[in-house]
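Undergrad: In order, the protein sequences belong to chains A and B.
With full-length UniProt numbering applied, the first sequence corresponds to residues 1 to 459, in that order.
With full-length UniProt numbering applied, the second sequence corresponds to residues 1 to 459, in that order.
FYI, nobody ran anything at the bench for these hints, they're computed from the structure.
No experiment lies behind these values; they were computed from the predicted model shown.
Any given hint could be a false lead.
Given that identical chains are not distinguished, each listed pair holds provided it fits within a single copy or across any two copies.
[What the hints assert, rightly or not] Straight-line alpha carbon distances no greater than 25 Å define the calculated SDA-like cross-link-like pairs of lysine to any residue that follow:
1) K336 x L440
2) K447 x L307
3) K336 x G435
4) K336 x E355
5) K336 x G304
6) K447 x Y273
7) K336 x A118
8) K336 x E431
9) K336 x W31
10) K447 x A11
11) K447 x E392
12) K447 x E433
13) K336 x E398
14) K336 x G387
15) K447 x G304
16) K447 x E431
17) K447 x I434
18) K336 x R120
19) K336 x E261
20) K336 x Q238
21) K447 x R422
2 protein chains.
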Amino acid sequence: MSDVLQALIDALGEEVVMHGAAVAERATSYWDAAPTQALAVLRPRTTAEVSTALAVCHRFDQPVVTQGGLTGCVQGAVASQREVILSLERMNAIEGIDMIGGTATVQAGVTLQALQEAARAQDLLFALDLGARGSCTIGGNVATNAGGINVLRYGMMRSLVLGLEAVLADGTVLSSMNQMLKNNAGYDLKQLMIGTEGTLGIVTRVVVRLHPLPTSCNAALVALESFDQVTTLLSRLQRDLAGTLSAFEVMWNEYYQAATEPEGHRPPMERDYPFYVMLQAEGADAAADRVRFEILLEDAFETGLILDAVVPQSETERRALWELRENFEAMLAGRKTFLYDVSLPIREMPGYVAETRANIAAEWPEARCIVFGHMADGNLHLFVQPGTDDAEHAVCDEAVYAPLRSRHGSVSAEHGIGAEKRAWLGYCRSEGEIGVMRLLKRALDPKQLLNPGRIFDPA
Amino acid sequence: MSDVLQALIDALGEEVVMHGAAVAERATSYWDAAPTQALAVLRPRTTAEVSTALAVCHRFDQPVVTQGGLTGCVQGAVASQREVILSLERMNAIEGIDMIGGTATVQAGVTLQALQEAARAQDLLFALDLGARGSCTIGGNVATNAGGINVLRYGMMRSLVLGLEAVLADGTVLSSMNQMLKNNAGYDLKQLMIGTEGTLGIVTRVVVRLHPLPTSCNAALVALESFDQVTTLLSRLQRDLAGTLSAFEVMWNEYYQAATEPEGHRPPMERDYPFYVMLQAEGADAAADRVRFEILLEDAFETGLILDAVVPQSETERRALWELRENFEAMLAGRKTFLYDVSLPIREMPGYVAETRANIAAEWPEARCIVFGHMADGNLHLFVQPGTDDAEHAVCDEAVYAPLRSRHGSVSAEHGIGAEKRAWLGYCRSEGEIGVMRLLKRALDPKQLLNPGRIFDPA
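I would like the entire structure built from these sequences, with the hints used as guidance.
TA: As structure tokens, this is what we get:
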């Protein structure tokens with residue numbers, strides 16, 4: 001047994017330190033059922049145990065990979081045999097909800113869905129929402145600055161975090177559990193932990209902001225002729241729905257076609273419109289909100305802005321409509337697919353999509369390039385299906401990422417960089433910016449022990 | 001002439017480097033007409049000139065104080081004779097507005113009001129708003145993470161900044177001019193500059209988020225019996241106005257009494273209610289919004305939640321009502337006053353106000369303690385008028401800040417720390433937190449040249 005493993009067991013006990021065959025019984029991630037590789041998996045129950053774990057690892061120069069719900073898309077939490085995994089899975093308590101202040105205090109390992117449900121039980125909303133809600137954790141949401149479907153209205157995770165507690169590389173506990181919307185007393189240190197993918201510290205507890213629970217919900221699937229009309233519709237709804245527009249999800253025709261193939265969803269409208277938008281508004285006045293929503297849609301239809309619309313008449317119908325956008329298992333099944341998450345200025349999207357399609361067609365003439373996403377946030381997802389099993393990931397990456405460069409886009413809108421996109425970071429961040437990232441890394445984790453090699457190469 | 005001054009003139013020219021008698025012709029700040037003290041005032045016209053200026057100062061170990069609109073409340077931009085001032089006043093261009101993306105790109109020296117007006121000309125809203133709008137600059141708003149009256153709905157400046165460009169202590173230009181709502185490609189470096197009061201870099205250009213311009217506005221002044229009723233009203237309006245509530249400004253009785261003294265404003269309602277709230281909702285449907293607003297007020301009145309209400313019947317009346325809250329010159333005139341800006345959990349406010357009043361009464365039996373603020377943000381302002389000219393600032397500070405400690409409050413909600421509150425930072429931030437702030441300062445500004453001694457003592 002290695003010295004560090006023995007020291008971890010001595011300090012934390014066998015109950016906390018999983019090693020040997022037990023490690024391999026765990027799946028690598030949500031996406032990969034292969035056995036976990038790691039020197040050990042630490043499962044601390046308290047911040048003090050996280051601190052002890054990191055202090056021991058620091059003494060032995062032992063690299064540590066933090067794990068939350070393992071739903072991340074960029075290989076940020078996948079360890080090697082030489083690394084120790086620290087999982088927050090046991091720190092899953094909801095410590096309290098302040099109904100007057102509209103805040104919740106939770107441990108980092110609580111799942112997004114558990115927090116959503118606890119808030120809802122108090123007639124409050126935790127506004128972050130994304131497909132992985134049942135598995136992903138608040139700590140992971142903080143580390144990746146998670147986005148999802150409500151960003152347009154409520155912002156990304158960064159906007160929802162009021163305070164947090166983190167453990168630094170040497171085991172120091174940094175507590176900044178602010179509960180107020182406003183606090184300008186010195187540097188806002190939580191920003192060091194949000195979106196830095198566990199490279200500067202391990203988040204152990206979080207204070208989040210809650211919002212009033214909307215009581216009305218109006219949704220529609222609409223079809224449009226051109227991207228210009230999509231942006232016009234977005235501007236109009238943002239203005240006329242006055243802060244209640246919560247989702248505006250665009251699907252290019254190819255997405256809709258793929259989603260409504262025979263093995264997929266029943267198409268709620270014709271399959272040959274150039275663009276489809278799934279939109280949703282949430283308010284507090286059921287009758288008035290419905291009237292306004294329908295008037296806006298009717299007006300858009302009469303003026304030719306939208307070509308068709310399906311408005312669900314029940315909660316069941318509304319959920320079925322969302323399945324089109326959220327459940328894309330069928331279109332992926334059995335096909336080699338590369339998944340992307342990019343962002344760019346909205347005005348650049350048509351040119352970007354055209355150039356990316358051309359790049360992919362030049363490489364693989366039979367390829368399918370499926371585009372959709374949180375367009376109002378500047379965020380597109382792409383599924384590229386080359387149609388051939390020997391297609392190389394890096395070749396596809398180049399085809400998708402290169403057209404971002406001149407358009408000031410980003411190779412990661414909401415998934416982060418992890419290990420997977422590290423080679424492409426330079427496509428959207430300058431040498432100077434990456435230099436400052438490394439400077440921060442050296443300042444806070446001089447031994448480069450926390451999630452090493454994620455985001456950028458060690459300095 | 002000193003070596004550094006000569007080197008600055010050689011590098012930038014007399015046109016940029018103001019020195020000698022011309023420096024003393026400038027007022028110290030908005031609050032202090034005394035002559036400016038500084039070795040020189042640099043007024044660069046471009047980012048390149050800011051970079052050159054800092055590179056020269058770095059070579060000579062010359063401390064630099066950055067100035068924006070000089071409306072800050074915490075002595076953050078007041079220089080000493082040994083310091084060089086760098087003013088962004090000439091970098092005041094609005095470079096562009098992207099109507100599709102809803103962004104504006106501006107130089108740091110543009111005033112808040114100029115940006116608000118440029119956005120409004122395109123039917124868009126720049127949502128930050130505060131009393132100093134005519135003088136304060138976007139760069140200063142970034143450096144202090146400015147708050148103001150719309151935070152409840154739109155967040156602080158941090159939520160409105162998408163990207164920025166800054167010059168580091170050695171003259172390096174760090175450009176992170178992101179235009180998207182979502183960008184998780186590596187560390188979000190702009191967070192290093194937001195709210196760090198110019199101690200880590202000088203912001204030169206900014207990309208901000210714009211919102212749709214609301215087209216309806218409903219306001220009211222209401223009176224309530226207890227703080228519990230104030231929080232109940234807040235919860236109810238946040239829920240029922242569904243994202244359109246933009247201001248909820250609470251005034252304790254003493255504020256209202258002081259504001260409506262004979263030399264002040266005409267009282268729009270009785271002067272003896274325990275609490276007054278100025279509230280405002282902004283939407284996009286004038287007729288429906290007004291109906292909903294009035295129904296909510298009527299309901300609150302009929303159920304006894306509010307005791308009285310004044311609803312302005314015209315824009316002139318609405319502005320007059322806001323004067324009560326925004327124009328407090330008369331209550332300050334001729335009286336020694338200490339101004340405070342604190343934040344704390346809303347549930348703690350009644351206890352906090354009681355304890356602070358008791359502390360002040362114990363010190364100065366004739367004192368007036370006027371409390372009001374952006375209560376929904378956890379933010380209170382206090383005007384303490386000891387009633388005696390020999391009252392010491394530090395004694396009053398202790399009376400106001402000490403009761404925050406056990407309540408997890410902050411000595412600065414939105415004004416920052418600057419030089420004025422530096423001694424009190426430890427009342428709301430731990431040694432560990434201040435240690436990490438110093439670590440960041442040393443990493444980015446190892447010679448401690450940028451706004452030295454603001455926020456915390458040099459390490």
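Undergrad: Look at each hint and say if it fits the structure.
TA: Results for each hint:
1. Within a single copy, K336 and L440 get their C-alpha atoms no closer than 38 Å, and across copies no closer than 45 Å, so neither meets the 25 Å cut-off.
2. For a Cα distance limit of 25 Å, the shortest separation of K447 from L307 qualifies neither inside one copy, at 59 Å, nor across copies, at 63 Å.
3. Taking the shortest Cα distances, K336 and G435 never come within 25 Å of each other, neither inside one copy (36 Å) nor across copies (50 Å).
4. Taking identical chains as interchangeable, the C-alpha atoms of K336 and E355 lie at most 25 Å apart only when both belong to the same chain, with a minimum of 22 Å there against 66 Å between chains.
5. Within a single copy, K336 and G304 get their C-alpha atoms no closer than 39 Å, and across copies no closer than 65 Å, so neither meets the 25 Å cut-off.
6. Taking identical chains as interchangeable, the C-alpha atoms of K447 and Y273 are never at most 25 Å apart, the minima being 55 Å within one chain and 61 Å between chains.
7. With identical chains, the CA atoms of K336 and A118 are never at most 25 Å apart, being 39 Å at best within one copy and 49 Å at best between copies.
8. Taking the closest pair of Cα atoms, K336 and E431 never come within 25 Å of each other, the shortest separation being 34 Å inside a single copy and 53 Å across copies.
9. Only within a single protomer do K336 and W31 lie at most 25 Å apart by alpha-carbon distance; the minimum there is 14 Å, versus 66 Å between protomers.
10. Taking the shortest alpha-carbon separations for K447 and A11, only the intra-copy value of 21 Å comes in at or below 25 Å, while the best inter-copy value is 40 Å.
11. Taking the closest pair of Cα atoms, K447 and E392 never come within 25 Å of each other, the shortest separation being 34 Å inside a single copy and 48 Å across copies.
12. Taking identical chains as interchangeable, the C-alpha atoms of K447 and E433 lie at most 25 Å apart whether they share a chain (21 Å) or sit on different chains (21 Å).
13. Taking CA atoms no more than 25 Å apart as the test, K336 paired with E398 passes inside one copy only; the shortest distance there is 17 Å, against 66 Å between copies.
14. In the homo-oligomer, the alpha carbons of K336 and G387 lie at most 25 Å apart inside one protomer (7 Å), although the nearest pairing across protomers, at 78 Å, exceeds that limit.
15. Proximity of K447 to G304 under the C-alpha cut-off of 25 Å is found in neither arrangement, the shortest distances being 61 Å within a copy and 62 Å between copies.
16. Taking the closest pair of Cα atoms, K447 and E431 come within 25 Å of each other both inside a single copy (22 Å) and across two copies (23 Å).
17. Taking CA atoms no more than 25 Å apart as the test, K447 paired with I434 passes in both settings, with 18 Å inside one copy and 22 Å between copies.
18. For the homomeric pair K336 and R120, neither the shortest alpha-carbon distance inside one copy (39 Å) nor that between copies (49 Å) is at most 25 Å.
19. When the C-alpha separation of K336 and E261 is checked against a cutoff of 25 Å, the pair qualifies only within one copy, where the shortest distance is 17 Å, while the shortest distance between copies is 76 Å.
20. Proximity of K336 to Q238 under the C-alpha cut-off of 25 Å is found in neither arrangement, the shortest distances being 37 Å within a copy and 47 Å between copies.
21. For the homomeric pair K447 and R422, the shortest alpha-carbon distance inside one copy (20 Å) is at most 25 Å, but the shortest distance between copies (32 Å) is not.
In terms of the numbered hints stated before, the structure departs from hints 1, 2, 3, 5, 6, 7, 8, 11, 15, 18, 20, listed from lowest to highest.
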